[in-house]
Amino acid sequence: MSAQAYVRKVRSGESGLWKSAKPALTRLDIELTERCNNDCLHCAVNLPAGDIEARGSEWTAERWKTLLTEAAGLGCLVVRLTGGEPLLRADFEEIYLHARRLGLRVMLFTNATLITPRLARLLKDVPPLEAVEVSVYGLTKETCEAVTRVSGSFAACRRGLGLLGENGVAFTVKGAVLPPTSREADALEAWAAGLPGHAGRPAFAMLFDLRSRRDEAAKKNKAIAGLRQGGDEFVSFARRHGDGAVDEWRDFCARSAGGRGDRLFNCLPMGSSAAVDPYGRLQYCLGLRHPGTVYDLAAGSMREAVTKFLPRLRETRAADPAYLERCGRCFLKGLCEQCPAKSWAEHGTLDTPVEYFCGIAHAQAVAAGLLDWGEKAWTVRDGSERAKRRK
Amino acid sequence: MTEKIDLSRTYAPSDDVVVREIEGEIVIVPLTSGIGDVEDECFTFDEWGRAVWSKIDGSRPLETVVQELLDEYDAPAGLLKGEVVGLLQELYERRMIVDKG
Ligand code: SF4
Ligand code: SF4
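Same order as they appear, the protein sequences are chains A and B.
Following our numbering, the numbering of the first sequence begins with 1 at its first residue and continues without gaps.
Following our numbering, the numbering of the second sequence begins with 1001 at its first residue and continues without gaps.
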């Protein structure tokens, strides 16, 4: 018996929650649809809202509910409902409520344009237990709609945010540093801080991914690549409030130094998480759609996917000589976004180094004093020592 | 909610929470708004709390639950009773249990 507090409050992501084994699955990302009512310049996912073929192939609410029940049975605590725009689905409420009644916390990613008074009230009465994440791509009608390319999207987004605020639903806005919005970041932060219901600080997307389907829509890749910021711009953006970010990069690098060897999957929190696309195909994460890394849930089970398929996949080794020569020895793995999903989107492989992310990581390392200008990280002989270098 | 826990009454888990058992831990997840003081958290028990919680199922008055625990645990009656009431008070204030009469 203990005379202390009997009920322990925990964040569901806290490792201290589990005294014995961790559950087979702790987090599930569900892409309810690839369709979206916006058509953002930089989007790596979206199909048109009215795409009949995509819509007809999406899993039904019944199938999602069965899957959510299976996920909860495996110990899953958090489900992310994303898209495309997940609120395009008429059965969103049904899926959401099912997840919440199973005791899952819900991370909802939305552009807020389709939030109705009824949905806002539901989110108030049965809260998701995670701040709703809202993409706000522009502070004015002009900048916002230059990004979303949909007339009326600015007003609709503001209306949605207003409904969340009025109902006391916690939310966080996310921005993107794009040509129309690149000068708005500070103003967006200040505006977001004053919104009723806004939690935390806005995050900004800058390092845009190419289209993860590598299909017809990949024609857009050239345009997306043209929107990307270079290393210097990335560093100066991160530094706009001081050197806190650079200190973090240095610390992070010191904690995670050491090459990848021939390991492909170095992503840390992936141990017990999984993602499912709108058609019931389980993936390691939402960006990794390489056919060799996808598990068809219609022909198997969630349990088999997370206890057998994903652990086997995690053991995949790299074979690309450039990867082994560079990433295999590079001490910047904690900073660099290089991963199989990025290689897939850029090159259609799992292990080809992506020059863009390589350049960004090098720029960060130079800013943090870990590399000299022009030096290549993989040529540093003792990366662990170098990662401790202080300016 | 300042009502006191009464040993002659029967308590049960509230419909406002979802109770899950994951890897041997009982995890209580708020379903409706206003459970606990912060919404983005879930709750779990120490070992003792778990033993008590498993008996709070709306089927018998609290004094019967206390008697069962006295049979199972080697503890002075006054201390054990105080601990059970303390735990239920906390659960009641957090709206995780309801009074079934
Ligand atoms: S709102 Fe999101 S999903 Fe929709 S087009 Fe824009 S970035 Fe893509
Ligand atoms: S910085 Fe370059 S070499 Fe190092 S891990 Fe990233 S892509 Fe590979």
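Keep in mind the hints are simulated off the structure, nothing from the lab.
Here the structure is a predicted model, which is why all the values come from computation and not from measurement.
The reader is advised that the hints may include incorrect statements.
[Stated by the list, open to error] Covered stretches of chain B (in silico footprint by chain A; criterion: 3 or more residues with CB under 8 Å from a CB of chain A, positions within the stretch not fixed):
#1 1024-1035
#2 1059-1069
[What the hints assert, rightly or not] Below, in silico cross-link-like pairs of lysine-lysine (DSS-like), each with a Cα-Cα straight-line distance of 25 Å or less:
#3 A:Lys388 to A:Lys376
#4 A:Lys9 to A:Lys174
#5 B:Lys1055 to B:Lys1081
#6 B:Lys1055 to B:Lys1004
#7 A:Lys22 to A:Lys9
#8 A:Lys220 to A:Lys141
#9 A:Lys9 to B:Lys1081
#10 B:Lys1055 to A:Lys9
#11 A:Lys9 to B:Lys1004
[Claimed, not checked] FRET-style restraints, in silico, Cβ to Cβ:
#12 B:Thr1064 to A:Gly258: 52 to 62 Å
#13 B:Val1098 to A:Arg121: 16 to 26 Å
#14 A:Ile52 to B:Arg1095: 24 to 34 Å
#15 B:Asp1046 to A:His241: 55 to 65 Å
#16 B:Val1098 to A:Arg158: 33 to 43 Å
#17 B:Asp1046 to A:Arg303: 52 to 62 Å
#18 A:Ala193 to B:Glu1093: 29 to 39 Å
#19 B:Leu1070 to A:Arg303: 23 to 33 Å
#20 B:Val1098 to A:Ser57: 43 to 53 Å
#21 B:Val1098 to A:Ala225: 25 to 35 Å
Where a beta carbon is used, it is the ideal one built from N, C-alpha and C, also for glycine.
Do the hints match the structure? See the list:
{"no.": "1", "hint": "1024-1035", "result": "holds (count 9)"}
{"no.": "2", "hint": "1059-1069", "result": "violated (count 0)"}
{"no.": "3", "hint": "A:Lys388 to A:Lys376", "result": "17 Å, holds"}
{"no.": "4", "hint": "A:Lys9 to A:Lys174", "result": "28 Å, violated"}
{"no.": "5", "hint": "B:Lys1055 to B:Lys1081", "result": "14 Å, holds"}
{"no.": "6", "hint": "B:Lys1055 to B:Lys1004", "result": "19 Å, holds"}
{"no.": "7", "hint": "A:Lys22 to A:Lys9", "result": "18 Å, holds"}
{"no.": "8", "hint": "A:Lys220 to A:Lys141", "result": "24 Å, holds"}
{"no.": "9", "hint": "A:Lys9 to B:Lys1081", "result": "23 Å, holds"}
{"no.": "10", "hint": "B:Lys1055 to A:Lys9", "result": "21 Å, holds"}
{"no.": "11", "hint": "A:Lys9 to B:Lys1004", "result": "22 Å, holds"}
{"no.": "12", "hint": "B:Thr1064 to A:Gly258: 52 to 62 Å", "result": "59 Å, holds"}
{"no.": "13", "hint": "B:Val1098 to A:Arg121: 16 to 26 Å", "result": "24 Å, holds"}
{"no.": "14", "hint": "A:Ile52 to B:Arg1095: 24 to 34 Å", "result": "46 Å, violated"}
{"no.": "15", "hint": "B:Asp1046 to A:His241: 55 to 65 Å", "result": "42 Å, violated"}
{"no.": "16", "hint": "B:Val1098 to A:Arg158: 33 to 43 Å", "result": "40 Å, holds"}
{"no.": "17", "hint": "B:Asp1046 to A:Arg303: 52 to 62 Å", "result": "30 Å, violated"}
{"no.": "18", "hint": "A:Ala193 to B:Glu1093: 29 to 39 Å", "result": "33 Å, holds"}
{"no.": "19", "hint": "B:Leu1070 to A:Arg303: 23 to 33 Å", "result": "41 Å, violated"}
{"no.": "20", "hint": "B:Val1098 to A:Ser57: 43 to 53 Å", "result": "45 Å, holds"}
{"no.": "21", "hint": "B:Val1098 to A:Ala225: 25 to 35 Å", "result": "58 Å, violated"}
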